[in-house]
Amino acid sequence: MSEVESLLVQLEPVTPSHTVDDVSELLLHDDYERFLCLPVVDAGRPIGVISRSEMQKIYMSMYGRELYGKKSVTQFMNRKAVVVDMKQPMEQISRYVTSNIKFPITEDFILTRDGQYSGIGHVVDLLKVMEGKLTRQSEEITRAYRELQASQSQLIQSEKMASLGQMVAGVAHEINTPLGYVKNNVSLAQDVFAQLKGLVASYDELLALLMGGEAEETAVVRYLGEIDRQRNDFWSVYPAEEVDNLFGDTLFGVDQISEIVLNLKNFSRLDQAAVDEVSLNQTIESTLVIAKNVLKNKVQLIKQYGEIPAVKCSPSQINQVFLNLLTNAAQAMDGNGKILIRTWADERYVYASVQDTGKGISKENLQKIFDPFFTTKPVGEGTGLGLSIVFKIIESHKGFIRVASEVGKGTRFIVALPHPKDSRHANKPELDTAQA
Amino acid sequence: MQTSPSSTQRKLNPVTSTVAVNRPTILCVDDEERILRSLRMLFAQTYNVRVTTDGNEALQILQQEKIHVLISDQRMPGMTGVELLRRAKYIVPNTMRLLLTGYSDLDSTLGSINEGEVFRFINKPWDADAIKATVASAVDIALSLGDMTLPAPSANSTVTDHILVIDEDPLSAVQVRELVHEHISAGLVIHHAATIEDVLEALRQHEIAVVVSEVRIGTADVTTLIKLLKRFNPRTVSILLTTFYDASMLVTLINEAQVYRCIPKPIRAKLLLRAIEGALESYWSFQVAPSLVKKHEVEVSKETTENPLASRIVGFFKSFSAQRT
Ligand SMILES: Nc1ncnc2c1ncn2[C@@H]1O[C@H](COP(=O)(O)OP(=O)(O)OP(=O)(O)O)[C@@H](O)[C@H]1O
Ligand SMILES: [Mg+2]
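Sequences listed follow chains A and B, in order.
Just so you know, the working numbering puts 405 at position 405 of the first sequence, and the rest follows in order with no gaps.
To get the working numbering, take the position in the second sequence, counting from 1, and add 1000.
In case anyone wonders, no lab produced these hints; they're calculated from the structure.
Nothing here was measured: the structure is a model prediction, and the numbers come from that model.
All residues carry an ideal CB built from backbone N, CA and C; glycine is no exception.
Please note that the accuracy of each hint is not assured.
Stated by the list, open to error - Reference excerpt, derived from the structure (chain B facing chain A, CB under 8 angstroms, subset only):
1) 1035
2) 1042
3) 1124
4) 1169
5) 1232
6) 1310
7) 1311
8) 1312
Said to hold, decoys possible - Some chain A residues well away from chain B (every beta-carbon gap over 10 angstroms; in silico):
9) 44
10) 52
11) 86
12) 131
13) 200
14) 242
Unchecked claim - 30 angstroms max Cα-Cα, derived DSBU-like pairs, lysine-lysine:
15) B:1132 to A:377
16) B:1265 to A:377
17) B:1132 to A:183
Next up, chain B with everything else stripped away, as it sits in the complex:
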């Protein structure tokens, strides 16, 4: 929609230009100034709020100032939100990234997983209290991360971590095994699970570093399991390797499972290999610097209480963690 001339002449930062030193700072990016004004008013009491309609300017701000949380619209002229978040990830990895979008199509959801690695995906119109809570938790995480740098990945060939492939088709596990043994390390142990039972058994036996999973096995919905796994085992990094996916499913898998990558089938070896490498590096970094795990904090899924499968899995995790301690 066109912006009326009067609105573009209005200054965006008339009052809160004085920066309160001790407050965390959030940066909002949207091509609609009214969204920015609205967000600024929502957050001005709690944070220093920086706003811009321009992706390139946002990148400059990120380089010059400490920004704890970056909230970006997806569809903007010049640079998409996913692109902005992708670049922000390299410039300031500890700035928490949120995507705010008017319509979650497959492109933007896939992009925000695979490229943006976003912390949360929020749909417009949003709920004021919910977005406040989300931003607050993102700010907390950013504050606790501080300037900590990611430890350099220890790409050694002697690793013996466990990777769990969840798929009815045993071929997926075979392919993963061949790939990682040839290109990463022959010490990595690959497990194949074709049923929820298999998955729970594997989790009982081993600490799983990376899960490579379909979204469905038979009639069972694996996404519930992936979400709960991340909630109870936050160090485990999950990759979707799937034929079936849609935008809304991916959105919940971002927010509630922090899936690391979503790779469509048929398997493309290079893509999958890179995803597994990245996931392992994430997992290793959590071992060196456990506080990094917070970056992957998930929203508690709403379905947990209603779904019988979910409550069974919750039961499993609870009794299991009780045993371990």
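Looking at chain A on its own, in the form it has when it is part of the complex:
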């Protein structure tokens, strides 16, 4: 049975031929006890309702019964009864009934099908159905909300993956450059060695000739000439200085690659505790290696590191904070620009600021930038999660973040983390280690 049908109460209606007295009798009958009113139907079509309260008015007036008792009920009925068609959806019915029924409620409403009278509906039943519906809806909303939360954490994960993608691009580039010349130099060194082998072989032959006793002078001269030619060839193709450089560069490149790997390790902190005491200066340095790709070559970096104490934090999370801030700064600058990174401390907090000369943030947007999914960037470039994650991380570290921005001039973010010696931050930062 549909919701609408469940409202239907079948009831024999009265007709225009019924008198006021007839109706009053019906209303007093046990079968009609529950009804506020009786429908009046003519040739199958509802034409009005006559309510208990209307009847009471008639009988309570002086000589009411005597004057009106024999009159047709149609003279007293409410011709503007609330009539709804059962084919309409529940929501529409409920909206129509609640906005048309008179308060206090003295009448029920009439249900029809294709204009033909079907029965009557109680307002109370309607309200009950609607209440059930609302409860179900709010359950659905709760469930949807829970799902949304889950998908948000998935999105945060995918934002991490996206920044991982950028990182990989940057690191690949940083490593492939030294790898490029290292590999090439090793190939060259192979050639150098091949030539040297030839030269040494010629020496060997000469030596064998000389040791063998009766060496003919012309043969020796011939060998010496050959060796001399090979030597000259060798030095002209591989001048000593260049070969030295070759090896020097190769070692330098290999060192460079190890340094990148070390920084990567520092950045991810995979081999270290989730919570550690680190200097923000060092954290920023590792992050810069990773962020290099994002910063491209267009931005000029100015670093003003202060003398700051190590702070207790989750280094990988703090890395994420700086990576997001630096990425935003770089993305805010179209052409060239500067990024100023400063660190300093007072008795209560250790601070780091990232300031750019980018396009700035309007007053209106400034209030929204920490909201999840707020972004002004095109699809694909921004998910709008960067700063919301920054905010969450800083919050869980019991620190705070401030932003100042001027459109066309630039933006500065200041991150503050509790000073390790300040006892006012009594309780330890509650770190979300699961995310680390």
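With the hints as your guide, set chain B with the ligands onto chain A.
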């Protein structure tokens, strides 16, 4: 990475500064001097090698000296490799352009097709023998081109060349037809191919000047076909018009198919029109000066032998060219 002070003080051209007159010259541009030293040593025996860390200086060198092959890094401060190659294309069109990059992201690969029109895209770290072979073929082409100038495009409205649109969506062909008929010439014949069969049929019937293609139709990978088409029909110029592309696919399409343009969908009329115009001009120039076709020489794809589709298409081209001769 920072460059150590000792390295910047080292002179870059200490020994090979004497120019051997008869050798071809290559110019290497990279912001990492160690790359330049390494490349110079690799090539010094065979070519005159000029190097610079600065894009602007490279442009000056190109204007002052005959450079046969230009090899540039992509990521450099001041000027990107794509930008340098793009400008080089106008100054010295017959200098073969190679991009050498540490990471092939979408920007640089798209840029090197659409702007740089590069001959080869090489990833770092490179293989010494492979890069030698690539540079050698580039040098050969540059030598054979000499100072030949591109014939002025004969933009006449009576052309009746054939353009083949490869796309499951027939709308692409409709749009191409409308565009070229209105803006280039009503005589151009547009064919639509929705399957590999259709493509082969069109190739059997007509000499196709320009191919405008998706990279996939249904489950079939069209890139194999585009590569082979360029190998066997080097005069045909191809344009990618596609929703799907990634950097590594584009790299092979540069090296093995010399795609002329890659245009992302949805179709932007102006961009597509300009690409088709350019492609037709290239095609016409090959007819006036057939040796220019060498500029589009492709690397032979590795997949040809393994892929059944590829061997079928190779079979088609071989039997087809046998019939024609
Ligand atoms: N340094 C900045 N300069 C100018 N605008 C900024 C800066 N940092 C943030 N914004 C603004 O704040 C918005 C939200 O930043 P947030 O980092 O949360 O997301 P996003 O950068 O758009 O996307 P995502 O970080 O997920 O890639 C940005 O879209 C941008 O409009
Ligand atoms: Mg961001």
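Of all the hints numbered above, which does this structure not satisfy? Sort the numbers upward.
4, 5, 6, 7, 8, 14, 15
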